[in-house]
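Just so we're on the same page, the working numbering is the position in the sequence shown counted from 1, plus 134.
One or more hints might be untrue.
[As the list claims (entries may be wrong)] The calculated lysine-lysine pairs, modelled on DSBU-like cross-linking and capped at a C-alpha distance of 35 Å, are: (1) Lys248 <-> Lys307; (2) Lys335 <-> Lys297; (3) Lys307 <-> Lys335; (4) Lys335 <-> Lys160; (5) Lys160 <-> Lys297; (6) Lys160 <-> Lys307.
Derived by calculation from the structure, the hints in this document are not laboratory data.
Since the structure is predicted, the reported quantities are computational estimates derived from the model, not experimental observations.
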Amino acid sequence: STEVLLQRYPDAQVTALDSDPDMIDKARERKRLCIPRVRMVIGDIAGWSAPEPQDLILANASLQWVPDHASLYPHLVRQLSEGASLAVQTPDNLDEPAHRQLREIASQGPWATKFADFQLPPRHNAAFYYDLLSPLCARVDVWRTTYHHPLMGGAEAVVEWFKGSALRPYLAKLDEREQADFLQMYLQAMQRDYPPASDGKVLLPFPRLFVVATR
Numbered sequence: 135s136t137e138v139l140l141q142r143y144p145d146a147q148v149t150a151l152d153s154d155p156d157m158i159d160k161a162r163e164r165k166r167l168c169i170p171r172v173r174m175v176i177g178d179i180a181g182w183s184a185p186e187p188q189d190l191i192l193a194n195a196s197l198q199w200v201p202d203h204a205s206l207y208p209h210l211v212r213q214l215s216e217g218a219s220l221a222v223q224t225p226d227n228l229d230e231p232a233h234r235q236l237r238e239i240a241s242q243g244p245w246a247t248k249f250a251d252f253q254l255p256p257r258h259n260a261a262f263y264y265d266l267l268s269p270l271c272a273r274v275d276v277w278r279t280t281y282h283h284p285l286m287g288g289a290e291a292v293v294e295w296f297k298g299s300a301l302r303p304y305l306a307k308l309d310e311r312e313q314a315d316f317l318q319m320y321l322q323a324m325q326r327d328y329p330p331a332s333d334g335k336v337l338l339p340f341p342r343l344f345v346v347a348t349r
């Protein structure tokens, strides 16, 4: 998404912020991002303050990991200059089988005690963000789109898809043997819930919520 941003605004000075040093390191390895006008910073977006009013704040598939959106989104809007926009995309798929099965396997498996107090940051609907941001902004656009991703490789491809996102906080609580067992149970569930299409690919529905708030 940073590369797309640079293509859209080729003369902009861009700051890339992430709380995970590994993500910053991976970004630095990408040659197209290693240019002077991209400043990479390790930090927590919830406490981030811009040195000057910003023209655009873009958060793509990241803020779902950050709690307290009721405070976070207004905080980000306050970093904008007049007429500038906060543009956010977050997955809106907690009711999809891929997520329901994660919760079920975690709560019913032999590792259930490890997940007794486990909670992900809450997700909110479109009305929540519209009501939150309308008093602070000149315009708020909110919409939901479901993408259907054709994945080659059957249910294994679905598991691989979520290893980099939804599976991470679950696997982090397990030891190596438990992780292998968890993934095997998850694979079996994905085989039931995501049968192959006529061409052998799995069609993975993925709803996403978009918010563009212009100050």
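The hints, checked one at a time:
1. Lys248 <-> Lys307: Satisfied, since the Cα-Cα distance of roughly 7 Å is no more than 35 Å.
2. Lys335 <-> Lys297: 19 Å, holds
3. Lys307 <-> Lys335: 31 Å, holds
4. Lys335 <-> Lys160: The given pair, whose Cα atoms are some 29 Å apart, holds under the 35 Å limit.
5. Lys160 <-> Lys297: Within the cut-off at roughly 17 Å; holds.
6. Lys160 <-> Lys307: Holds: Lys160 and Lys307 sit about 24 Å apart, inside 35 Å.
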